[in-house]
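Asker: Mind docking chain B on chain V? Use the hints.
There are 2 protein chains.
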Amino acid sequence: MADTVLFEFLHTEMVAELWAHDPDPGPGVSAGLRGEETGATKGQKMSLSVLEGMGFRVGQALGERLPRETLAFREELDVLKFLCKDLWVAVFQKQMDSLRTNHQGTYVLQDNSFPLLLPMASGLQYLEEAPKFLAFTCGLLRGALYTLGIESVVTASVAALPVCKFQVVIPKS
Amino acid sequence: MADTVLFEFLHTEMVAELWAHDPDPGPGVSAGLRGEETGATKGQKMSLSVLEGMGFRVGQALGERLPRETLAFREELDVLKFLCKDLWVAVFQKQMDSLRTNHQGTYVLQDNSFPLLLPMASGLQYLEEAPKFLAFTCGLLRGALYTLGIESVVTASVAALPVCKFQVVIPKS
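Order-wise, the sequence lines are chains V and B.
According to this note's numbering, the first sequence is numbered sequentially starting from 835.
According to this note's numbering, the second sequence is numbered sequentially starting from 835.
Chain V extracted, bound-state conformation (with noise of 0.2 Å):
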């Protein structure tokens, strides 16, 4: 049992240590590559910056980690979906609600209780709080893909605590 609260006290932590030298919140309420639309002050977007990077690199190194049944995917959408059964095990021991797609590299990724979040209340007014929580994981999800050898953009939205979707771009190489 210890595993899995062990990581959530962990990254908790980290969080509560990046932002306690910026304790302003910002209004916004995305997260991931980039800050812009998130009104979030400087050192916030540093912070959720310095998140997504160790998200990433933790990302890199558990796509290395986790056995694949087969060793090569042939389609881009059976990467996602071990990202959304193996990987999101491996981290968070259970699976993602759902995955969908426009079929044109634009994957959505839905956790409908999204273990990051849960320890805060669900409602409306913790929803500005929220992008803090949810940058390393969009790091871990970009990290994972790299590794798989898929370049992406990762960003994640909450509307209503505690689902969050995780947007997955994939540009046209």
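Each hint should be verified, as a subset may be incorrect.
Copies of the same chain are indistinguishable here, so a pair counts whether it falls within one copy or spans any two.
Below, a list of computed lysine to any residue pairs in the SDA-like style, where the Cα atoms sit at most 20 Å apart [stated by the list, open to error]: (1) 876 / 851; (2) 999 / 839; (3) 915 / 901; (4) 928 / 839.
Just so you know, these hints were derived from the structure itself, not from any lab.
Answerer: Chain B only, in chain V's frame:
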């Protein structure tokens, strides 16, 4: 498998991030509450202290969550045994290798193959780097002890990688 490596990857990233702002390594090989004797710079002492604090809070939280066979431990030594066995297994998937005491409030917990030091090559050349990989765990022990009703001072030392000794001193109240 990923649970273990997830914690270790995240710990590595956390240490790297906190050190990024003060990359100059100090010559010391002790970590813990006090950094005076290590020759660490002011920024490094701050980073050690931040890591120790994060470990303390995670240890406190884990101490509350770990199942205890007996709600009240009879003796101090029982609490220390609990940490060596249950806490260590929960965090590192292994037990501490030995526990010694002078029966006057000082305990030495030895891990012959401390997981957070394993990624470093063994030998003497990396000894200087060791303190930053021990501070979090010093805090973890102190936090778990605190939850169990014992105030302590925890320090760590490394004579040869990856063997690590944690010294717990419990002042007479």
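Asker: Give a verdict on every hint.
Answerer: Hints, one by one, checked against the model:
1. For a Cα distance limit of 20 Å, the shortest separation of residue 876 from residue 851 qualifies both inside one copy, at 16 Å, and across copies, at 18 Å.
2. Taking the shortest alpha-carbon separations for residue 999 and residue 839, neither the intra-copy value of 22 Å nor the inter-copy value of 26 Å comes in at or below 20 Å.
3. Within a single copy, residue 915 and residue 901 get their C-alpha atoms as close as 14 Å, which meets the 20 Å cut-off; across copies the closest is 35 Å, which misses it.
4. For a Cα distance limit of 20 Å, the shortest separation of residue 928 from residue 839 qualifies both inside one copy, at 14 Å, and across copies, at 17 Å.
When held up to the earlier numbered hints, the structure conflicts with hint 2 and nothing else.
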